[in-house]
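Enquirer: As a plain string of letters, each chain reads:
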Amino acid sequence: MRGLRGGPSSPRRVAVIAAALLVPLALAPGCAYQGIAPTSQKVHDLYVTIFVLAGAVFTGVILWLLFSLVAFRRRKGDEGQPPQREGRAPIVVGFFLIGLAIVSLLFPFGERVLASVDAVNPNPQVNIRMEGFQWEWTAYYQGEGLVVTGKTLKQPLVFDVPVDEPIKMTLVSRDVMHEFFVPALLFMRNAIPGHPNVFTFTPTQLGTFPGQCAQFCGLWHSRMSFVMRVVSPIDYQAWVKAEKEAVLKVTCPAHPGNVTITAKNISWNTNCLSIVAGQPTTITVVNDDAGINHNFAIFDSPDRHQKFFQTGQFAGVASHTDQLPTLPPGHYYFQCQVHGPAMSGVFIVNPA
Amino acid sequence: MAVTEVREEAMAPSPRGGRILEWLTTTDHKKIGIMYLVNSFIFFAVGGILALLMRTQLAQPDNTFLSAHAYNEVFTIHGTIMIFLVIFPFLAGFGNYIVPLQIGALDMAFPRVNALSFWLLPVGGLTILSGFFVPGGAAAAGWTAYVPLSTQGGTGQDLWILGLMVVGTASILGAINFIVTILRMRAPGLTMMRLPAFTWATLSTSLLVVLATPVVTAALVMLLSDRRFGTTFFDPAHGGSVGYYLNTFWFFGHPEVYMLILGAWGIVSEIIPVFAGKPLYGYKGLVLAFLLVTALSFTVWAHHMFTTGLITNLSFFSATTEMISVPTGVLFFVWLGTLWKGKIRFEVPMLFALGFIAMFLIGGIDGVWMASPAMDYAIHDTFWVVAHIHYVLFGGTIFGVFAGIYFWFPKMSGIYLGDRLGKWHFWLMLIGFNLTFFPMHILGIRGMPRRIALYGPTRGWTFLNQLSTLGSYLIAISIIVFLVNLFLSVRKRRRAGDDPWQANTLEWATTSPPPAYNFDRLPPVRSNRPVYDARMKATAAADGATGGGS
Amino acid sequence: MSARAVDRAEFDARAVRGTSSSVMAMVLFVASETMFFIAFFGIYAAVYSQQPAWPPLKIPLPDMGLPTAGVIVMAVSVIPMALVVRSVRTRGGAGVTKWLVATLVLGVAFCVLQIAGYSSLGFGINDGIYASLFYLMNGLGLAHVIGGVVFLVMVSQQAAAGELALRRDPAEALAVYWLFVVALTIALYVAFFAAVS
Ligand code: HEA
Ligand code: HEA
Ligand code: CUA
Ligand SMILES: [Cu+2]
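Protein chains in written order, with our numbering: chain A, 1 to 352; chain B, 1 to 550; chain C, 1 to 197.
A few of these clues could be false.
[Unchecked claim] Listed next, the in silico SDA-like pairs over lysine to any residue satisfying Cα-Cα at most 20 Å (straight line):
| hint | chain 1 | residue 1 | chain 2 | residue 2 |
| --- | --- | --- | --- | --- |
| 1 | A | K264 | A | F314 |
| 2 | B | K343 | A | K151 |
| 3 | A | K151 | A | P328 |
| 4 | A | K154 | A | R229 |
| 5 | B | K343 | A | Q337 |
| 6 | B | K284 | A | Q84 |
| 7 | C | K98 | C | K58 |
| 8 | C | K58 | B | K343 |
| 9 | A | K76 | B | K341 |
| 10 | B | K343 | A | I62 |
[To be verified] Over 12 Å on every C-beta distance to chain C, these chain B residues come out as not near it, computed from the model:
| hint | residue |
| --- | --- |
| 11 | T26 |
| 12 | R55 |
| 13 | D62 |
| 14 | V180 |
| 15 | R184 |
| 16 | L207 |
| 17 | I431 |
| 18 | I480 |
| 19 | L483 |
[To be verified] Using C-beta positions, here's what the derived DEER-type ranges look like:
| hint | chain 1 | residue 1 | chain 2 | residue 2 | range |
| --- | --- | --- | --- | --- | --- |
| 20 | A | A56 | B | R420 | 33 to 39 Å |
| 21 | A | K241 | B | F229 | 48 to 54 Å |
| 22 | C | A160 | B | A516 | 52 to 58 Å |
| 23 | B | N63 | A | G145 | 26 to 32 Å |
| 24 | A | N258 | B | D62 | 35 to 41 Å |
| 25 | A | F314 | B | L483 | 49 to 55 Å |
| 26 | B | V134 | C | I72 | 43 to 49 Å |
| 27 | B | N63 | A | D45 | 48 to 54 Å |
| 28 | A | L97 | B | A516 | 46 to 52 Å |
| 29 | C | I72 | B | F229 | 28 to 34 Å |
Don't read these hints as lab results, they were simulated from the structure. Just so you know, these numbers come straight off a predicted model, no measurement behind them. Idealized CB from N, CA, C, for every residue including glycine.
The task is simple: from the sequences and hints, build the whole structure.
Expert: Following this line, the structure appears as structure tokens:
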């Protein structure tokens with residue numbers, strides 16, 4: 001009769017494959033990041049704890065399965081029936097209890113780690129408002145009056161934080177959902193329009209840690225990356241100072257009469273525009289981003305205390321020309337108000 | 001063993017044109033069931049080919065095989081097609097074919113509604129796919145279509161919404177039909193606690209569909225209205241909230257994933273006892289577990305939103321999510337208990353069922369990490385999640401579906417699917433599958449986010465991605481082996497009897513394939529294994545007649 | 001085992017047991033529809049609890065007259081619908097057409113009142129979250145009542161053809177659905193007129 005074959009070779013093959021499966025599994029715990037903050041180390045430990053418990057369940061079930069397959073395979077010529085057991089109630093109830101026991105063991109571990117990861121430090125030393133937008137990050141250092149940003153598709157945001165100091169981060173979004181994710185911190189949190197999210201962490205390990213947006217946010221989600229550098233407090237102060245000065249240090253030759261600036265792929269073609277004081281000058285803003293809005297505005301400084309000029313927002317592909325106001329000689333700051341510091345630069349008015 | 005004899009008129013071939021028309025207009029649950037399966041397989045090939053495109057793109061860092069936009073369209077449509085037009089309809093197809101037979105009914109309760117539920121599927125599916133041909137392309141906001149991103153896209157996103165509404169309506173109609181059929185059309189003697197496992201699974205799935213699917217329809221209505229009619233449900237600038245969408249979507253979304261697995265649990269719970277030669281060990285526990293999973297699945301949705309900061313009672317959702325492992329675990333113990341001291345035959349359906357147990361176990365255990373919110377903060381939206389969903393959906397349901405195909409194909413056609421190629425298919429798929437999806441766990445904990453078209457060469461993700469791509473080609477080869485096997489088996493026509501596997505449930509009491517009216521007469525139903533009982537009685541009678549045997 | 005003799009009686013018995021399948025299907029359909037509206041009412045509740053005033057300040061409260069009349073009409077329509085059911089259950093369908101038509105008249109009256117009452121609102125669909133909820137929930141509610149009216153017409157035709165003397169399930173299924181739309185209109189009325197602050 002058909003259907004009674006299937007010799008011992010099959011179970012042996014099953015065993016080989018399953019054993020092959022167990023090997024990478026055993027290596028897996030070593031792959032997780034250790035964590036660069038005390039809280040993230042706890043998450044790492046949680047990973048290992050679950051690994052041990054779940055690994056035990058996995059190994060137990062797989063061994064039970066493999067044993068059954070080998071021990072209870074039908075041998076050639078054996079046409080008899082196995083005993084027709086339907087299961088006794090206490091054993092079946094036991095099935096429920098096994099799972100319940102494992103869950104009760106597991107759950108408290110997670111809870112403890114959760115409480116410490118979610119705890120917000122009341123005395124943060126650095127206070128960053130991290131803004132996500134399509135497709136870049138901008139960090140506003142609230143205490144230092146510093147704004148740093150990446151340039152979409154060109155250069156990721158690089159921001160520094162001091163080691164061993166509690167950092168508070170407020171995540172906001174200007175358009176769609178994004179997600180701040182640093183793998184080495186074993187942590188991510190969404191930036192959601194209309195719902196600022198706050199968390200604190202204290203990095204205890206110096207280093208340069210890549211991160212990126214983890215929440216799918218459209219076309220260039222894959223390029224919404226950033227770099228977090230954990231540096232010594234002295235280096236941190238130096239960095240803040242240098243960043244603040246850098247913005248206005250750029251120079252470029254003056255174009256009397258007309259300046260032109262082009263937006264493409266959510267960035268400007270230049271970070272410096274230069275004109276001559278006292279001469280009537282026009283500005284031509286070219287928007288090469290199909291369907292995306294941009295505009296152009298001039299402020300006193302990156303802190304934007306005072307606004308001197310702004311054009312209307314318009315979607316690409318298009319260009320608009322406007323008359324610039326007369327400004328006293330000096331260094332000014334310009335940006336696109338839709339995309340903020342990610343599209344910014346210095347605006348120089350040279351003495352006549 | 002069959003109590004049904006094939007009547008001449010049922011076997012008479014009709015002219016070809018008439019046959020096609022007959023299929024297109026049929027209300028016979030068996031023909032509809034087969035159409036479901038064929039339709040699902042076609043969409044599986046489409047979704048699978050899209051997956052191969054993704055895997056090819058990810059094989060190299062900063063690859064230019066697909067543009068970023070194309071990649072986004074491809075994974076969105078891949079996920080949508082696989083979930084709504086492959087897995088669910090595969091299980092509904094088996095439900096259509098098998099459930100009326102298992103309960104000894106003539107047909108579904110509402111045969112014409114049944115045909116409608118089927119035909120709406122390709123309509124919805126093609127609506128979604130047609131997005132590729134409109135300006136701006138297909139939907140590209142992920143299968144979860146999170147706002148505000150999904151309010152941005154073009155016509156393709158609208159087509160996606162409309163297509164899903166059609167598919168959702170179809171599944172609600174189908175589910176109502178299943179519930180009524182199962183509750184009202186059972187054969188005499190077939191009490192609820194004698195229902196076959198697969199029928200119980202279909203019943204549970206249908207309850208989930210009836211109660212959860214309308215909720216996503218509501219979310220889609222609001223999304224469409226926000227996009228096109230100026231409402232602001234999800235716009236925080238005008239009193240709405242992103243959270244309204246997320247909560248509504250996942251209130252459906254989690255029960256949805258159990259709609260995608262219950263049927264496969266049912267299939268496996270049919271196959272294991274047959275090839276172990278024993279009844280299910282703890283049938284009542286199994287039924288209770290199905291019902292508990294069904295009920296609990298409405299209480300866990302926010303585990304998809306742990307990192308959003310929108311959920312205040314993470315612990316509650318963490319606890320409910322971990323609790324779901326308990327009834328799910330019971331299923332494993334029932335299967336293992338059934339194998340215990342059995343006489344196991346390693347036929348192809350059994351291989352797939354055993355593969356299911358091992359692979360779904362990994363997928364389920366993956367879920368335990370994510371169920372712990374602090375842990376999820378590290379792996380949410382990474383390839384860990386991608387690994388999890390494929391271990392449960394592919395390692396789970398697709399293995400279950402192939403187990404079902406090999407198991408019931410003889411019933412549907414009267415012929416066996418080949419043994420040798422079947423085994424090749426299984427082993428290639430098992431190896432290819434693990435090669436594709438196991439490395440994704442490590443990519444996940446090494447921080448590779450999901451849904452990225454590009455990654456840099458310096459992140460250390462390249463090698464694992466290449467392994468994974470290699471594996472995906474191996475899966476494709478295994479599917480081609482299956483198709484070849486199908487082709488050769490149909491040519492060779494190795495006849496299967498009415499009850500080729502010595503099975504237990506009523507579908508094996510009629511001819512293979514069953515006549516249009518299913519049964520002439522039913523064997524008496526005194527347990528949840530009526531065909532087994534009948535076989536034992538016949539053996540005893542034969543032994544009695546020859547005066548021997550034990 | 002030979003089985004030339006088809007055991008038809010057995011199948012017929014089951015077919016008879018299956019006659020009120022349509023009522024069960026309707027109950028399930030209504031359960032599904034209820035979940036559909038619960039999604040909207042859930043969001044309504046969340047918004048309601050967050051707004052300082054309801055309706056929000058810049059939204060004028062719609063004139064209550066016609067909607068109030070409408071909801072009363074709808075509530076009253078339960079009576080003829082109950083009589084429809086009684087008629088098919090205990091009287092072999094005698095007088096059923098009369099009560100169906102009465103329900104139909106009330107249902108149509110509700111639709112007219114609703115459309116008239118909402119034809120000149122002081123706000124548009126894009127005036128924020130209250131407007132979004134108002135337009136979509138009431139619009140979907142009205143669509144469901146119109147669906148009920150169509151259903152009523154269909155069953156009335158069956159009644160006219162004398163079919164309800166033989167089968168009571170069309171009328172019973174209709175009653176289940178009608179009860180649902182009545183409850184829905186009342187809930188919507190409470191949400192948008194009674195729950196003001
Ligand atoms: C078939 C579909 C299916 C199934 C059955 C499951 C089953 C489970 N899922 Fe999964 N899930 C998905 C499909 C599915 N999931 C999909 C598609 C997504 C992604 C959606 C998206 O974002 O695109 C997802 C995402 C997802 C998340 C969100 C992750 C994130 O985005 O960050 C979580 C978090 O908790 C989760 C958890 C679980 C758990 C705990 C189970 C449990 O049911 C598993 C239970 C099983 C076991 C645990 C194994 C056997 C048990 C034993 C042997 C008993 C003893 C063991 C213990 C008690 C631990 N799933
Ligand atoms: C049931 C569900 C299911 C199934 C079966 C699969 C199957 C596969 N999936 Fe998919 N997947 C999802 C559900 C599923 N997936 C979901 C829900 C997502 C999330 C989407 C989102 O983020 O929005 C996802 C996302 C997803 C990603 C992540 C994308 C990203 O986040 O960047 C990847 C990447 O590798 C992937 C790969 C694959 C592969 C290689 C297969 C393979 O196993 C496919 C194998 C099949 C084939 C290879 C078909 C072969 C057929 C032939 C060759 C026959 C041809 C014959 C004819 C034409 C007649 N899937
Ligand atoms: Cu921003 Cu992804
Ligand atoms: Cu879930």
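Enquirer: Next step is simple, just say for each hint if it's right about the structure.
Expert: Hint-by-hint comparison with the structure:
For the given pair, K264 (chain A) sits about 13 Å from F314 (chain A) by alpha-carbon distance, which is consistent with the 20 Å threshold. With a C-alpha separation of about 66 Å, the suggested pairing of K343 (chain B) with K151 (chain A) is violated against the 20 Å cut-off. Of the pairs offered as hints, the one joining K151 (chain A) and P328 (chain A) is violated, with about 29 Å between alpha carbons and a cut-off of 20 Å exceeded. For the hint pairing K154 (chain A) with R229 (chain A), the CA-to-CA distance comes to about 19 Å; that is within 20 Å, so the pair holds.
Taken as a hint, the K343 (chain B) and Q337 (chain A) pair is broken in the structure, with Cα atoms around 73 Å apart against an allowance of 20 Å. The straight-line distance between the Cα atoms of K284 (chain B) and Q84 (chain A) is roughly 16 Å, inside the 20 Å bound, and the hint therefore holds. For the suggested pair K98 (chain C) and K58 (chain C), the alpha carbons sit about 47 Å apart, so the restraint of at most 20 Å is broken. Restraint check: the Cα-Cα separation between K58 (chain C) and K343 (chain B) comes to about 75 Å, which exceeds 20 Å; the hinted pair is violated.
Note on K76 (chain A) and K341 (chain B): the hinted pairing holds, with a Cα-Cα distance of about 16 Å set against a maximum of 20 Å. Straight-line distance between C-alpha atoms of K343 (chain B) and I62 (chain A) comes to about 19 Å, which keeps the hinted pair within the 20 Å bound. Consistency note on T26 (chain B): stated as away from chain C, and its beta-carbon is indeed over 12 Å from all of that chain's, at 20 Å minimum. Interface exclusion of R55 (chain B) from chain C stands, the closest Cβ pair being 36 Å apart, more than 12 Å.
No beta-carbon of chain C is positioned within 12 Å of the beta-carbon of D62 (chain B); the least distance is around 42 Å. Listed as outside the interface, V180 (chain B) is inconsistent with that label: its C-beta sits roughly 5 Å from the nearest C-beta of chain C, within the 12 Å cut-off. The Cβ of R184 (chain B) does not lie farther than 12 Å from every Cβ of chain C; its closest approach is about 5 Å, which violates its non-interface assignment. Non-interface status of L207 (chain B) relative to chain C is broken: a Cβ of that chain comes within 12 Å, the nearest being about 9 Å off.
With a minimum CB-CB distance of about 42 Å to chain C, I431 (chain B) clears the 12 Å threshold, and the non-interface call stands. Every C-beta of chain C lies more than 12 Å from that of I480 (chain B), the closest at about 40 Å, which supports listing it as non-interface. Distance to chain C confirms L483 (chain B) as a non-interface residue, since its nearest Cβ pair spans about 38 Å, more than 12 Å. In this structure the supplied range 33 to 39 Å holds for A56 (chain A) paired with R420 (chain B), their Cβ-Cβ distance being about 38 Å.
Evaluation of the 48 to 54 Å hint for K241 (chain A) and F229 (chain B) yields a pass: the beta carbon distance comes to about 52 Å. Distance hint check: the CB atoms of A160 (chain C) and A516 (chain B) are about 35 Å apart, inconsistent with the given range 52 to 58 Å. A hinted range of 26 to 32 Å is violated for the C-beta pair N63 (chain B) and G145 (chain A), which are about 42 Å apart. N258 (chain A) and D62 (chain B) have their C-beta atoms about 38 Å apart, which keeps the hinted 35 to 41 Å range intact.
Range check, F314 (chain A) to L483 (chain B): about 54 Å between beta-carbon atoms, so the 49 to 55 Å window is met. Roughly 48 Å separates the CB atoms of V134 (chain B) and I72 (chain C), a value that falls within the hinted 43 to 49 Å. Hint check: N63 (chain B) to D45 (chain A), Cβ distance near 36 Å, so the stated range 48 to 54 Å is violated. Between L97 (chain A) and A516 (chain B) the C-beta distance comes to about 48 Å, which sits within the given range of 46 to 52 Å.
In this structure the supplied range 28 to 34 Å holds for I72 (chain C) paired with F229 (chain B), their Cβ-Cβ distance being about 30 Å.
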